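Okay, here's what each chain looks like letter by letter:
Protein chains: 4
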Amino acid sequence: MDEHAAEIRSHYYDVRQHSERLCDGLVTEDLCLQGMPDTSPLKWHLAHTTWFFETFVLKPFDEAYLPFNECFEVLFNSYYNAVGQQFPRPLRHMLSRPTVAEVLAYRHGVDHAMAALLEQCPGDARDEIYRRVILGLNHEQQHQELMLTDLKYCLSLNPLFPVYNPQPLPESHSTPLTFSEFEGGEFLQGISGTEADAARLPGFSYDNEGPRHRTWLSPFALADRPVSNGEFIEFIEAGGYQAPEWWHSDGWAVVQTEQWRMPLYWRQDNGRYFSFTLHGNQEVDAAAPVCHVSLYEAMAFAAWKGMRLCREGEWELVATQRPPTGQCWQQGCQHPVSRDPGKGHGPDQLYGGVWEWTQSAYSAYPGYRPQAGALGEYNGKFMLNQMVLRGGSVATPPGHVRATYRNFFYPKDRWQFSGIRLAKDL
Amino acid sequence: MDEHAAEIRSHYYDVRQHSERLCDGLVTEDLCLQGMPDTSPLKWHLAHTTWFFETFVLKPFDEAYLPFNECFEVLFNSYYNAVGQQFPRPLRHMLSRPTVAEVLAYRHGVDHAMAALLEQCPGDARDEIYRRVILGLNHEQQHQELMLTDLKYCLSLNPLFPVYNPQPLPESHSTPLTFSEFEGGEFLQGISGTEADAARLPGFSYDNEGPRHRTWLSPFALADRPVSNGEFIEFIEAGGYQAPEWWHSDGWAVVQTEQWRMPLYWRQDNGRYFSFTLHGNQEVDAAAPVCHVSLYEAMAFAAWKGMRLCREGEWELVATQRPPTGQCWQQGCQHPVSRDPGKGHGPDQLYGGVWEWTQSAYSAYPGYRPQAGALGEYNGKFMLNQMVLRGGSVATPPGHVRATYRNFFYPKDRWQFSGIRLAKDL
Amino acid sequence: MDEHAAEIRSHYYDVRQHSERLCDGLVTEDLCLQGMPDTSPLKWHLAHTTWFFETFVLKPFDEAYLPFNECFEVLFNSYYNAVGQQFPRPLRHMLSRPTVAEVLAYRHGVDHAMAALLEQCPGDARDEIYRRVILGLNHEQQHQELMLTDLKYCLSLNPLFPVYNPQPLPESHSTPLTFSEFEGGEFLQGISGTEADAARLPGFSYDNEGPRHRTWLSPFALADRPVSNGEFIEFIEAGGYQAPEWWHSDGWAVVQTEQWRMPLYWRQDNGRYFSFTLHGNQEVDAAAPVCHVSLYEAMAFAAWKGMRLCREGEWELVATQRPPTGQCWQQGCQHPVSRDPGKGHGPDQLYGGVWEWTQSAYSAYPGYRPQAGALGEYNGKFMLNQMVLRGGSVATPPGHVRATYRNFFYPKDRWQFSGIRLAKDL
Amino acid sequence: MDEHAAEIRSHYYDVRQHSERLCDGLVTEDLCLQGMPDTSPLKWHLAHTTWFFETFVLKPFDEAYLPFNECFEVLFNSYYNAVGQQFPRPLRHMLSRPTVAEVLAYRHGVDHAMAALLEQCPGDARDEIYRRVILGLNHEQQHQELMLTDLKYCLSLNPLFPVYNPQPLPESHSTPLTFSEFEGGEFLQGISGTEADAARLPGFSYDNEGPRHRTWLSPFALADRPVSNGEFIEFIEAGGYQAPEWWHSDGWAVVQTEQWRMPLYWRQDNGRYFSFTLHGNQEVDAAAPVCHVSLYEAMAFAAWKGMRLCREGEWELVATQRPPTGQCWQQGCQHPVSRDPGKGHGPDQLYGGVWEWTQSAYSAYPGYRPQAGALGEYNGKFMLNQMVLRGGSVATPPGHVRATYRNFFYPKDRWQFSGIRLAKDL
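Protein chains in written order, with the UniProt record's numbering: chain A, 1 to 426; chain B, 1 to 426; chain C, 1 to 426; chain D, 1 to 426.
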C-alpha cells in the first residue's frame, strides 16, 4: 500500500472523528434543534455527511455494500436533484427517528465500509475514489463549520443562554486601524488545478476556485486587520442604522422590515453592548473584530467611512503572499479575538477570524464548467444572488481554507461569523 | 386527615403518573418535536402542567417553597398574561434546555412539595387549594389529550412512520346508520355548579359549563352513531371536495388553498385509503368513525346528506341520559373503532370515540363571568371564533368528560380526533 | 296593470337612480379605487348590481334578451359558484375596461330591458320575477352601503384627504349614558315571512331573518344610546389597548400584530383626536357615537366597563317596539351624530347611526334552509365565523333595515360604520 | 442664446411631449392601473417625471417658482430618501386625486416654468442646470419605457385583453442561428465621460457607465441574433421547465413556487402558443425573439443548449462597433420582430428589440463613486442583487441607449421586454 493511501485513510479518520468531537458536551436535545430553515440539526449534519460517502463512494464503488436504510437516501439528501427527492429542509427538525444513537451507528457502519474499501482500493477506480473521498472530507469540514454556526443560532434563542465552550476568552489588545498599499496590475486569479490534483490530498481545491484567469487590479489599499467592534459601535452611535444614505436600497428595506439596530446576537443594556457567543454571554470586546453582520451592514459601514469593501481578486492577491494560519485556531477559541499587537505592519488576521465580505458577486470564473452528474450540483447552481466571502472564520476547521477559497452567502445572511475588512482606491 | 384529602392526594398521584406513562416507549428525540405552532413538544406539556401547580398552588400557598428555576416562569407559561411574559409558542421546540431529564426532575420536585402541602393543608386556605389542585389535574388531563394528538401530528411528518402503540386494532363491525327522535322542548342546559363543588373531586366542572340556563329545543333526530369512514368515502368519491355547493364560503376557500381532498392523515393508493394512526399506518376501516375532519368538512358532509350537525343543547339533552363510558377506553385502543353491533337502538358512542363537532359557536352562557385574576384566562378569553365539540375522544383520559363538557376548536382544525354526528329537524 | 306592479317599477327606478346619485361629485378616478381585497371599486358595485338583474331576471325570464357582453358574466359575478367562475376579487381594480361610461351604458341597457319586462310581466312567472326583483333591489341597497364604506376607506389612504360630502356636521349635544331595563322571558325571535311575502314590496325580508322561533331571554338592561367617542377615549387613555385582560385572545393578537391604538381612521395630534370622515377631516366629537371599531374593541370596551354587548335577541326584542327611523337619515348626514337631547328616556338611535355589534355568532335559525340554486348562496354560506350586527348605519339606505334585520361581519372588520351598545345582566 | 441652449429646449419639448403621446388612445381608467408593486400607474409616471424637474431644477434654481402643490413632494417622490418621505409604492394606485387632468395641469405648469428658466438661464448655474435637465430628460425616457411595460402588465390581467396598438405586426422571416467569433483581449470597458459631458446633450451618459477601466476578455463567440420563440418552444417541449439540472438553485425554487411553464404573457391552447402583446392577443411568432423571460429562464435555456449568456464586457466590445439603431423603432412596432433576412453575417438586432440578459452582476465599476446629495441615489444604491441587461427594447425610446448603457433588473423579473442572446467560449 502506498503512502498516499495511508495518508488519506488517516485523514478520513481524523475528519470524521472531528465531527463527533464537536458534539462533546452537548445533550441529545441540542443535536435536534433547527432554529430557522437555513440551519440544520447537528444530528442531520452528522447523517448527511455520512450519506455523502455512502451515496457517492460506497454505492457506486463497493458492490458488496448494503445500504444502511433505504429511506436515508431521501432523508439525508440535501439538494442533489440528480440523486432524487429530498426531505423538505424546513422540517429536518421533525425527524426524531432515526435517533442520535441510530445516526451514530449509521456513521460507524459507513466508516467501517469505507475503511475496508480504502484498504483494498481497486486499481482502476482508485483515482476517482480518492477524488470523491477527498471531496467528501472537504464537504464534511464545511458542515463542521455549519454545525457550530447553526448550533450558535439555535442556542441563542433559548433564554437560558447555554454555554457551549466554557473556556474563557483571551485577553484583548487594541491596535490602530492601519492600511497597506498595493500596486495591483495584471493578476492571475484562481487556482490552476487539474483533474489529477483533485485526487491528491494536499492539492485539493473546489472547482469554483478555477480556472485561473487573467484580471486587472487598479492600485488599492487594504486594512491591516478587520473592523473592530469598537469601530462598528461608532457607526451605531452615529445613527448609522437610521440613515438611509449609507445603505443599498435592498439593505435599507431589510433594516426597516427586520428592525435591525446592531449585529446579530447583540443587545444593549445600560449603554453597554453584550453578545451571545459560543463561550456564553459576553460583553462586547471593543478591540475584537465585529462579526455576524450582513453584507448590507458591511457595505453601509464602509460607505460611512468613505471607503469600500475589497474585490475578491484584491483579497486573493494579498492573501497568496501569506500562510493560511489563524490566531483563534491556535488558541482553541470559538469567538474572534483582537489582533496580536506584536505583529508588525501589513495585512493580518486574513484567516480563521471572521469571513470577510467582498463586493464581488459569486459567479463562475471565465471558462468554468460544472462537472457532469450529481456532483456538478456541488457549487455551480449557487452562482447567482450570493456574494463572495474570503478567509475562513473561527468556526472553519484549520487547514480547510486557502488564498483561492471562495465562500458565498446571501447579502442578508448574518448567522455566519462574517465580518468586514476595509479597502480604498489609491 | 379526612377522606376527601386522601382521595385528592391519590388522584393527584394517579394523574401525574399518567402523563409520564404516556411517554413510555418514546425516545428523548420524540419528546422535543413541534410539528406546527398549534402543537407543543411533549416535554413542554410535561413542564407546563407542572408549572401550573407551581404557579397557582405552591407559590401563593407554600411560603417555604423555592422556585425550581426562575426562568421557568416565562418558559412554561402558556398564555396567562396576568402571570407575565410567555416564551413564543412557535419556538417551544427550540428549548433543548431544560433537558427531558431536567423536566422530569422539575416534575418530581414539584410533586414532592405538593405532597407535603396537601398533607399539612392549612385550614383557612384548604378549599382554595383543593379547588386549584382539582383544576390543575383537569388541566393536566386536557394536556394528556394534547400530548397524544400533538405526538400523532409530529410522527406523521416522518416518512419512517413510527408506531406509538403496537397493539393491533380490534375487529371491525359494520352497522347501519339509524336515528333516534327527540321531542325537545324546554331544556335546562349547562351545569348548576357552585363554588363549593369546584373544591370537590367528583363534583368538578369548568366554569364554561355553567350557569345552567333555560333553552328551547325543537323536535329533532340524532344519529345513533358517528359517521363512518365508509360513508365519508362516498362523499369523497361523489366529488364532495370539488363541489362548492356543500361548503361554507370560508371552508371552500380553505379547501382550495390547502388542497384538501380527504381527512388529515389519509392518503389514497390504488383506489384504497390508508391512514397514519398511533397504531402505525393502517388501511382505513370503513365501519369505524371518520375522524380528523374540520368543521368545514363535517358541515359539507352533512349538507351533502341533506342533514345538519346537532346544536350543543341537543347533544347535551341526549347525553345527560347516558353514562360517560366509551368502548375505546375499555379496549386500550388509541384509534376510534366501529360500533359494537350488540348494542340496541339509541344513540351510542357519545363518549370516548371522536369529538363531535356541533353547529354551536363557543360563547358564554347567559350570566357567565370569568373569575378574577390569572385563572380567569383559563376559558373566557377563547369565547370567540371557535366552535363547540362534545363527547371526548380516544385520546381523552377516561373520567375527564361529562354531558355538559364543552370542548372548542377553530373550524379549520383537524389534528384532534374530531368526527361527525348527524342530526335532522323533525 | 295592478297597483303593486306600478309600485315595484317605481321602486326599481328609485333604487337604481340612487346608486348613480351616490357618485355625484366624484371623478372617474375615484370610481376605480380598491383599497383592500374586502372593498370593491364603485364602478364594480354599479356593474355587479346590474349583473344581478341580468343574471337572475333577464336571462331566465326574458327570452328576447341579448346579454350586453358575455364576459360580464364572469367579471361581475361576486361569489355565486352556481353561476360559474368569478374574476378574482383582489384584482377588481385592474378592470380599466369596461370604462365607467360603458358600465353606465350597461346599467341603462339592463334598466331598459327590465322596464319592458316589468311592463308586460308574464302571468305565470310574475311572482318569481317580483321575488327576484325585490331581492335584487335589496341587494343593490346593501351595495349602496358598501359604496360609501368602500369609498371612505379608499379616500382615507390619500394624504390629500378628499372631501365627499361638503355639508357641515350638525351641532353636538352631550347626553349621559343611561340604561333601560327589560324583563325578557319567552320571545319569538325572527320574522314569520312566507314565500308569498318575498314577492311583495313592503313584506320583504331576507331568508336569514327566519324562521321565527321561540327563545328565552333573561332580564337585562340596554343602554339608551350607543357608546360615545368621549367614553371610548377614556378607554384609550386608561391604557385599554395595552391591557390584555380586557381582550379576547384572538383580539389581543390582532391588536399586537396590527398595532391598533384607536379606532380606524383616527389619529392623535397634540392630545386631540381627529378622524377622517366622508365630510373630510374632523376633530372627533366627544358626544357622537364611536364607530369603525371591530368586535374585539367593542367587547374589550364592554369588559373594561364591567358590562357586555347585547345578544341579537335582546336587541330585536327592544327594537320591535320602535319605528325604524334615524336622525342621520333625516339630516342627510354621512357621519354618526350625537343623540338629540330632546328625546326622553328609553333606547334611542337604534337605527341609522352605527351598526351595533352583538355577542351573537351569525348562524342559521332553527329550521333554516337556504333555497335551492344560485340564490341559495346569498346568505347561507356565510353562516360561520362572522358575528351579527343590528340596526343599520348612516350609510344604510333609509327603509332598508328593520327589527329582524341581521347584518354580519368578521370580528376584526372595522371599515363599516360599526359601533357599540352596552348591555348588562339584571 | 447659444445653439446648445436651443437644442436643449427643443429636446426638452420633444421628450415631454412624447410621454403624453404615449397615452393617446388610452382612457382615464387605464392611466390609474397598478398591477403589482413593481409597476406604477401611468398617471404616476407622468407626475413623477415632472416632480423630477420641479425638485431638482425649479426649486433650487428658480427663486420665483411656487410649488404647484406642497403634497406632491411626498406623493411623487419615488425613492429619494434625501428629498424626504415617499408615499408607499404599492399604494400608488390609490391616488385618485390628483386626477389625470390635474396631473396634466401640473406637467404644463412645470413645463412653462422650465421654458422660462431655460430661456434666461443664469450664467453661473447654467452648466449645473443643463446637467440636471439632461439627466431629467433621460430619466423621463426611462419612465417612458416603464409606461409601456407597466401598461402591458396591467392590461394583460383584464380578460377583455384591450389592444393598445392596433397596427398589425410585420411579416415574419425565419433565419438560422449563427455565431460570430471575437478574439477578446484587453478591452477598455465603460465610458470615459467627464463632468462637462454630462451637461452636453449628445455626450450624456449615466454615472454607472464609467469610469472606463481595463478588462480582459478571453476569446468568445456571440450569436448573430437573439434566441427565437421557436427555439425557446423546443426547450419548453423538451421538458425544460421540469428538469432541475438546467436551473440555478434559486431559479428552480421560483419555477416551483410560481408554477412557471412558459414566458410571461404566454398561454398554450391546443398545442399552439399565444401571447398577450401591446398589439393584442397574438399567436407566438416562431421567428421573433423570445421575450418576457427572467434571467433564470435565460440561463436555464443557455445551459440546455450547452452555451452561456455573454458577460457585459463582451456585449459592449461587440456593440461599440455598431450603430445604436433598431428595426422595431423604424417600424413603429411595439413587439419584437424577427431578423431582417437581408442582413449579412455578424451580430444583429443588438438594439431596440429585447433587453439582453447578461451573466454580469450589476455592480460599481472600479473607481465609481456616486455623486453627493439626492441625485447620488439615482444609480448607486441599486448596485446589489440585480443583473445587467444590455441593448434596449422595443419600448425604449430611440436614441436613449448606447453601447455602454447598463440596465438592471432582478433575476426573477419578467415584465420587461427581456430576452436571450447566446454566447460561448472559444
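No wet-lab data here; the hints were simulated from the structure. Predicted, not measured: the structure shown is a model, and the values here were computed from it. There's no promise every hint is true.
To be verified - DMTMM-like cross-link-like pairs, simulated, lysine to aspartate or glutamate; straight-line CA separation at most 25 Å:
| # | chain 1 | residue 1 | chain 2 | residue 2 |
| --- | --- | --- | --- | --- |
| 1 | B | Lys59 | B | Asp197 |
| 2 | C | Lys412 | B | Glu258 |
| 3 | A | Lys412 | D | Glu258 |
| 4 | C | Lys59 | B | Glu245 |
| 5 | D | Lys412 | A | Glu3 |
| 6 | C | Lys412 | B | Asp413 |
| 7 | C | Lys343 | C | Glu128 |
| 8 | D | Lys412 | A | Glu377 |
As the list claims (entries may be wrong) - One-sided excerpt, in silico: chain D residues whose CB lies under 7 Å from chain C:
| # | residue |
| --- | --- |
| 9 | Glu29 |
| 10 | Met94 |
| 11 | Asn158 |
| 12 | Pro159 |
| 13 | Val163 |
| 14 | Asn165 |
| 15 | Arg414 |
Stated by the list, open to error - Sample of chain C residues lacking proximity to chain D, with all beta carbon distances greater than 12 Å (derived):
| # | residue |
| --- | --- |
| 16 | Tyr13 |
| 17 | Pro41 |
| 18 | Lys43 |
| 19 | Pro98 |
| 20 | Ala101 |
| 21 | Asp124 |
| 22 | Gln142 |
| 23 | Tyr153 |
| 24 | Pro162 |
| 25 | Pro211 |
| 26 | Ile233 |
| 27 | Arg322 |
| 28 | Asp348 |
| 29 | Gly367 |
For every residue, glycine included, the Cβ atom is placed at its ideal position computed from N, Cα and C.
Problem set entry | Nearest-CB test (12 Å) between chain D and Gly367(C) | Given that every Cβ of chain D is farther than 12 Å from that of Gly367(C), nearest at about 42 Å, it holds.
For this session: Find the nearest Cβ of chain D to the Cβ of Tyr13(C) and say whether that gap is larger than 12 Å.
Result: Its Cβ never comes within 12 Å of chain D, the nearest being 28 Å, so this holds.
Exercise. Since Asp124(C) was said not to touch the interface, does its Cβ keep a gap of more than 12 Å from each Cβ of chain D?
Worked result: Non-interface label on Asp124(C) holds, nearest chain D Cβ at 37 Å vs cutoff 12 Å.
Problem set entry | Supplied contact hint for Met94(D), tested at 7 Å Cβ to chain C | Where the cut-off is 7 Å and the nearest Cβ of chain C is about 5 Å from Met94(D), the hint holds.
Exercise. When you look at the beta carbon of Ile233(C), is every beta carbon of chain D farther off than 12 Å?
Worked result: holds, 29 Å
Problem set entry | Assertion that Pro98(C) lies outside the chain D interface [Cβ separation over 12 Å] | At about 8 Å from chain D, Pro98(C) fails to clear the 12 Å cut-off, so the statement is violated.
Exercise. Looking at Lys43(C) again, its CB stays over 12 Å from all of chain D?
Worked result: Label violated. Min Cβ-Cβ 8 Å, cutoff 12 Å.
Problem set entry | Separation of Pro41(C) from chain D, once the least beta-carbon distance is taken, above 12 Å | violated, 10 Å
For this session: Classify the label on Tyr153(C) as holds or violated, using whether its beta-carbon is more than 12 Å from each beta-carbon of chain D.
Result: violated, 10 Å
Exercise. Once the shortest beta carbon distance from Arg414(D) to chain C is found, is it less than 7 Å?
Worked result: This interface hint is violated because 18 Å lies over the 7 Å limit.
For this session: Measuring Cβ to Cβ, find out whether Gln142(C) lies farther than 12 Å from everything in chain D.
Result: It holds; Gln142(C) is separated from chain D by about 24 Å at its closest Cβ, greater than 12 Å.
Problem set entry | Distance rule for Asp348(C), whose beta carbon must clear each one in chain D by more than 12 Å | holds, 37 Å
Hints 5, 7, 13, 14, 15, 17, 18, 19, 20, 23, 24, counting from the list given before, are not met by this structure.
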